[in-house]
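Novice: Based on the hints, put chain F in the right spot on chain R.
Protein chains in written order, with numbering that gives the first Met the number 0: chain R, 0 to 527; chain F, 0 to 527.
All clues stand as given, with none of them false.
Note that the list lumps identical chains together, so a pair holds whenever it fits in one copy or between two copies.
List of simulated lysine to any residue pairs, SDA-like, C-alpha gap at most 25 Å:
1) Lys369 to Asp19
2) Lys383 to Asp161
3) Lys335 to Thr281
4) Lys369 to Arg42
5) Lys420 to Leu513
6) Lys395 to Asp19
7) Lys283 to Gln334
8) Lys395 to Pro8
9) Lys457 to Met492
10) Lys509 to Leu266
11) Lys486 to Pro365
12) Lys369 to Glu428
13) Lys383 to Met0
14) Lys369 to Arg16
15) Lys387 to Met5
16) Lys335 to Ser280
17) Lys420 to Leu510
18) Lys395 to Met5
19) Lys283 to Gln330
20) Lys283 to Gln307
21) Lys383 to Trp157
22) Lys424 to Ala441
23) Lys420 to Ser384
24) Lys150 to Ala54
25) Lys395 to Asp161
26) Lys395 to Pro365
Derived from the structure by calculation, the hints contain no laboratory data.
Number of protein chains: 2
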Amino acid sequence: MHGLMMDQPLLISGLIRHADRHHAQTEIVSKTVEGSVHRYTYRQAHARVRRLANALKRLGVGMHDRVATLAWNGFRHFEIYYAVAGSGAVIHTINPRLFADQIAYIANHAEDKVVFYDTTFAALIEKLKPQLNSVRHFIALNDEYERLLDKETDQLEWPSFDENTAACLCYTSGTTGNPKGALYSHRSTMIHAYAAALPDTLNLSAREVVLPVVPMFHVNAWSLPYSCTMTGAKMVFPGPHLDGKSLHQLFESEGVTMSAGVPTVWLGLLNYMKENRLRFSTLKNVVIGGSACPPAMIRAFQDDFGVQVLHAWGMTEMSPLGTTGTFKARQANLQKAEREALQAKQGRAVFGVDLRIVDENGRELPWDGKAFGDLQVRGPWVIKSYFKGEGGDPLKDGWFPTGDVCTIDPEGYIQVTDRSKDVIKSGGEWISSIDLENIAIAHPAIAEAAVIGVRHPKWDERPIVVAVKKPGQDVTRDELLRFYEGKIAKWWMPDDVVFVNELPHTATGKLSKLTLRQQFKDYRLDQK
Amino acid sequence: MHGLMMDQPLLISGLIRHADRHHAQTEIVSKTVEGSVHRYTYRQAHARVRRLANALKRLGVGMHDRVATLAWNGFRHFEIYYAVAGSGAVIHTINPRLFADQIAYIANHAEDKVVFYDTTFAALIEKLKPQLNSVRHFIALNDEYERLLDKETDQLEWPSFDENTAACLCYTSGTTGNPKGALYSHRSTMIHAYAAALPDTLNLSAREVVLPVVPMFHVNAWSLPYSCTMTGAKMVFPGPHLDGKSLHQLFESEGVTMSAGVPTVWLGLLNYMKENRLRFSTLKNVVIGGSACPPAMIRAFQDDFGVQVLHAWGMTEMSPLGTTGTFKARQANLQKAEREALQAKQGRAVFGVDLRIVDENGRELPWDGKAFGDLQVRGPWVIKSYFKGEGGDPLKDGWFPTGDVCTIDPEGYIQVTDRSKDVIKSGGEWISSIDLENIAIAHPAIAEAAVIGVRHPKWDERPIVVAVKKPGQDVTRDELLRFYEGKIAKWWMPDDVVFVNELPHTATGKLSKLTLRQQFKDYRLDQK
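Extracted from the complex, chain R is given alone in its bound form (with noise of 0.2 Å):
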């Protein structure tokens, strides 16, 4: 017996409308390739977007076709997000900074018919085009789009259609391997959006002003193009336009309340702020995700300029929303710095997301705070096998294994140790790569640090210290090492410290310890 409820799927298109219908006059604003300020209203926009989805269709657009863009956070990549998902074709947002050869290998495996490209792409794009031979259309961002708009009329219904229709597509980086593409469907697309908005989550409301820093061309700007509109809150879409002052300036013009991106941005917005004095006049939170936030960066945002901090964490495969480091009502009395230390893990599950650490022989691992183990999730908006089968089954006993090392807190809080393949693993039991690096960074000299395994004839492996230093700052291998002193356990301290120029990092900017540790692969402990 079914319940006697309309049957309404759950589709992408009704969010757009219903901004249209009930947050008609609440603004979307640009900042352009060029410089200058768009500024238009969600009413505006989805009469844009019905434009576009019948230039789709006169482009030969049809169900299912992938559209790819590469660019960057604006108002024409949002309206692309919603003429392509709402027209039942699948929106595939390409990186542009990874590799021309996996740029093109990524284009040719999901077939794209038609390349979206912002001109700062336009080199980039001539250089690929022999190489994309499923592309029928490439369309710059500018007057070349607008020319396809013009010649369209507004008059469009959605299609309805099955929600678990596909609805984007978006690749892994692909550290290892070529890489490996998440197909979103519009159900799970829309209860992750749902789950995004929830206070515990992101907060989104129509109270909110939101810049989302983190890129549409990666895990949806991790759904703001589509939470923001479900919930009616203004976005401020700040293009290529990263840097401190840049922001700062869009900040304050635009009355930003909160924002998203990944440590390596706020890090640039933090130093521009304290070397020009400046304050934020609205900014309240701040979400920071995609890799791991460091302790310093929180206490900066909250106690030099007032900005609360949400540590969050999630992966493609994942939509890409999986923790988020809210308090609970009975943590609200805790001490600063417990208050902290608990906003320094990345979180506890969003609401649709399970997960639970498991051992070598997947056996679950209680949640004590200590225990370590793989992460594995399962969900409505993870992933059951990736896009034309590659790689085969992912799942475990149908869980999804995200390749982290956490360990889970009573309260449900996870803290990621390290990368499954990052683990240094020493006489049979783990150490943390990832709190070795904290502690090195936490030093004063250090710039950045990197801790990796490498093979002791003794202990399989043993932890050493990667770093830079900081320009005009010293330390030396002894002074480093004795600072670790106290802070972990003895067993855990690294067998030497290597002092580079530059650490590698990968095409999203992730630090690439795979690169690092080729280059270490013949560095003997034995021998020193």
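Specialist: Chain F alone, transformed into the frame defined by chain R:
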């Protein structure tokens, strides 16, 4: 082409399972019928819910069977919510304030197999038993219930099934004709719970301590037993103790931050607070719905007690949440009077609900805050028909007609000006009975007032005020009519005032204009 996301139906059992794992130590506190305080955690609740699910099997309750409750807000009622729906059966909450004949009709119509009842209703149950033909087990929520659980283990895996399966049955209070049943599904209940928890709806999170005054026996207490569990809010159940003193004590002893209920209850609480010069230590927000919240109540909470009021509107047929009165970003700087005027409206659509107003010919009317017409709604938690098809197809062009008459302003805020059947049609134009009532109530000598249309030879209908004076206060017919001057268009001026000692109310405490119109059916203005 489908997305490649995990196939995970939206089931109510997922809520309690999540709370068990991720909010294990968060409390559910209940004031029992006997007056003691019961206290346990989500984890302990889930163990008992599983025992109850095993007990239901033993009682012969199968998929789709209806299990009724006649119960206050309390932990056992909470357990029944989850055990019944989690098992694939249907929880049928009966409003004990209905007349005994109506309850008998409803229970027979629903074909309830089991009835759980609070001991408060033992006499009522004894009286009803001979009429309830389908019921096999009557179980009192005292030791009898405990013995049922004692026989079972908490070993249980929740079954998985289609999310469109019926989960909850709630009958309308039925001012005309027999009550009709709204049959919610797991899907509708879950999407509604996500929407209910959003910052612009009830703003629920693990940081809140929530006391639902609104009864679990009527439209699922506005989703709170679901959406609080979803978000890990601490819950505080008041049982039958809804007087000002009991509520205030419970607010204070449990650190309640948010509550929700109908105006009548708040009136009692506010009077008690004022008489005893009390304050709220932790309460920050109250949600007021069920009937229009008088502006004076909004001011009393906000100005006298520092508690923010959220006005909400909905109905049984929509699970029930439709609109809430939260502000938009650009309304943040409104002056106090403008803010209060906006708060006195019923609010704007929760994401998932669309709404419109139409004229007598079904044509959509403009959102100008002036035009008023019949309010229609649609969305995944709005019914498409009543249980067993009673009353035929209620929809008009795919929209559900709410029976309310509203204006909608350009920002999407609705203001209920009347019930469709209560609106006074004078010379082809509509006069809002509610607007006229609000003015009468604002007079210092008036305790309660109803405005109804009475037959008029020239204008078809004209409004008259039927009013109850406050004890010890006096006002004459002409004084009250003068009080209207300057507040309304001249042709809205009531033609008469009749003072009575008491106004008729429905079983759920609402003013019964139907009864009032019957009382005044022979009243003739031309005879005056």
